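**Student:** Here is how the chains run, residue by residue.
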Amino acid sequence: MSPSPSKMEQYWKKNLQTLGILLFIWFVVSFGFGILWVEELNTIRIGGYKLGFWFAQQGAIYSFVVLIFSYVIRMNSLDKEFKVNED
Amino acid sequence: MDLLAWTYLLVGLSFALYLGIAIWSRAGSTQEFYVAGGGVSPLANGLATAADWMSAASFMSMAGIISFSGYDGSVYLMGWTGGYVLLALLLAPYLRKFGKFTVPDFVGDRYYSNKARVVAVTCALFISFTYVAGQMRGVGIVFSRYLELPIEWGVVIGMAIVFFYAVLGGMKGITYTQVAQYCVLIFAYMVPAIFISMQLTGNPIPQLGLGGDVAEGVPLLDKLDGVLGDLGFSDYTSGKKSIPDLFMITLALMVGTAGLPHVIVRFFTVPKVKDARLSAGYALAFIAILYTTAPAVAAFGMYNIIQSTSEKPIDQLPEWVQNWQQTKLIQIEDKNGDGLVQYLPDPASNELKIDKDIMVLAGPEIALLPDWVVGLVAAGAMAAALSTAAGLLLVISTSISRDLFKTFRPNISDKKELRIARISAAGAVILAGYFGINPPGFVAEVVAFAFGLAASSFFPVILLGIFSTRVNKEGAIAGMLTGLVFTISYISYFKFVHPELNTAEHWWWGISPEGIGSLGMALNFLVCFGVSWLTPPPPKKVKELIQEIRIPKGAGKAYDH
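Taken in order, these protein sequences are the chains called V and F. Our numbering numbers the first residue of the first sequence as 900 and each following residue consecutively. Our numbering numbers the first residue of the second sequence as 68 and each following residue consecutively.
Simulated from the structure, these hints should not be mistaken for laboratory data. Bear in mind the structure is a predicted one, so any value in this text is a computation, not a measurement. Keep in mind that the hints are not guaranteed to be accurate.
Listed next, the stretches of chain V that the computed footprint assigns to chain F, with coverage defined by at least 3 CB atoms under 8 Å from CB atoms of chain F [unchecked claim]:
#: 1; segment: 905–919
#: 2; segment: 926–933
#: 3; segment: 947–959
#: 4; segment: 968–976
Backbone N, C-alpha and C fix where the C-beta goes; we use that ideal spot for every residue, glycine too.
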């Protein structure tokens, strides 16, 4: 019933890779664009927004939503690939 | 109909709706009481989580905090949303697969130790109590401002409502009322925001209006920087906090969010692992609607207040300024006797004092909207406070009936356990109400506590419990205690023992008490790893449990092992 240990290890490795990529983006859009490099980005403008300020008060939040839904899609297909899905 | 009648009508209707739902969704078993029978759809859970999360403070105060801190307010926006990424990716799916009812359940089982469980219960209770007192106070404030009742009455009515649906319905009742409460609160928040955005920038979408132009063709944010700069304030779009402090506060709020027990427990209510992931996405999307509107409300409010008061004759101020002066949320004092209002950074010569809640509460009047919108905002604020209070009360009652009582009396029947859960919910409502009427003087400070503690105690231990097979009970207990003691000491030192030293030059590496949870978390990780390596690895059974929770397949409903 349970998948074999080596398959299981592969699944876990791919899961960790996905997490690594998504959390890297999570860090860059908030701590990076919103805080560490905010002054550099503020020299760029989109409409009435300075870009760094936009990331800190708007962009980071939109990115977070996209990140979670990307994770949902990626994991659903990974679950199917390794036959560990629930239905 | 006048304003008061509209407010009574709309608040009354929303209460009737919540009570109706409570009767319809009565809990019949402990499973229904703790996790709504595990049958909540991901969409409904997303809505409920959003209402659970957004408190009276999010609804009434957050926009105002951003108004007065400008860019620095971003720490709250990013911190209180970014935590959901951590929750969705690192915790929720695995805890759902684990399939029990509470966070201390997981800690106790994963670390095969009732000591670890008791430490976790203590944290959960402390975090939830500090939080719920603020919510009850919020209910009282809304009642007193809008319905012209004393705060005490407001708290008692709020208690009665929550008592009814939390004690009767448990998690099941709370879930479906929270769905309704989300709809009420988001509608109430968006209507004034959309109209104000239209008036100021001509764009009905507040998120775009914030980046739009005001009448003179100058971008709103530039105009605000200029106006505040002329008055001697710092720029709205650049902050005063140091980069390390911004970084640490944001991190502490994110990690704290992911570690809050009343949020985590919501993900036990969905049927499958993949539903837990999806509902975290829905939850954040619903939260983001309010959280991306709040900075717009903040900037619009600040701009409107300065434009309609600064250097204006005191006897010709707009009507809404006069109205809110009566509630003392706006206070004007002509210190230099020139008959004009001066809004200045120096408290000695500043003549205008504005409460942060005004940015949301006065929104409908600033936008000249009809009276029913004012009533709607009152119902929205109430929904935000009640939904969060109910979620917290459930954590408190579950902690008592299940994590404490059942752990030490494993043989009690389901029926008896349900009765104990209801009695502890009732007790918690009364205690929360007491704190709402007699708030401890440090309500604002304890919020830093709640997040700092969740960040420094729960988060590392749950994360390592899932992602490491080597971390053992000795490590977990030592880690949690180190994180807790360190964070509590640092916050207490600067908030209670030596509040006069609470300035950047005395903080360690410039980290404020609000951000210290991040360091507490790092210490927890280090100690947990170090101690685990020096002590024997966890038993084989625990390793199997970890392998088991890592794959989604085979997640039954949340059950009692």
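**Student:** Compare the structure with each hint and give your call.
**Tutor:** Structure-based check of all given hints:
1. Here the segment 905–919 of chain V counts 5 residues with a CB under 8 Å from a CB of chain F, which clears the bar of 3, and the coverage holds.
2. Under a criterion of three residues with beta carbons nearer than 8 Å to beta carbons of chain F, the stated coverage of the segment 926–933 of chain V is upheld, 3 such residues being counted.
3. Coverage of the segment 947–959 of chain V by chain F holds [criterion: at least 3 residues with CB-CB distance below 8 Å; count 9].
4. Given as covered by chain F, the segment 968–976 of chain V passes the check, having 5 residues with a CB less than 8 Å from a CB of that chain where 3 are the minimum.
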